[in-house]
Amino acid sequence: WGLGWGIEATDGTFFQWGKMDGIRAFAMGNPITQSAVVLLTNSNCGLRLMDAAAAATLPGEHPAFRWLRACVTE
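In the working numbering, the protein residues as written are 2 to 75.
Heads up, a few of these hints could be off.
Said to hold, decoys possible - In silico SDA-like links for lysine to any residue, alpha-carbon gap of 25 Å or less:
1. Lys20 <-> Cys46
2. Lys20 <-> Ser36
3. Lys20 <-> Val39
4. Lys20 <-> Ala54
5. Lys20 <-> Val38
No lab work stands behind these hints, which were simulated from the structure alone.
Can you make the complete structure from the sequences, with help from the hints?
See the structure below:
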């Protein structure tokens with residue numbers, strides 16, 4: 002973690018997420034490729050969309066997704 006953002010050590014991709022009742026948010030970016038994705042949903046199940054949302058701009062494996070699935074309940 003760096004200044005409140007999660008950091009994927011393999012390539013410097015950074016991420017942040019949020020959870021309130023009925024709302025989920027997720028943001029991920031990569032300074033090397035200068036690309037990012039932001040997902041804002043009005044659903045308790047919104048984080049299920051993060052893989053598909055990130056795939057177009059930030060392809061590849063992301064340890065952040067594994068961590069969120071294991072640690073964040075919907």
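Results of checking the hints against the structure:
no.	hint	result
1	Lys20 <-> Cys46	10 Å, holds
2	Lys20 <-> Ser36	23 Å, holds
3	Lys20 <-> Val39	14 Å, holds
4	Lys20 <-> Ala54	17 Å, holds
5	Lys20 <-> Val38	17 Å, holds
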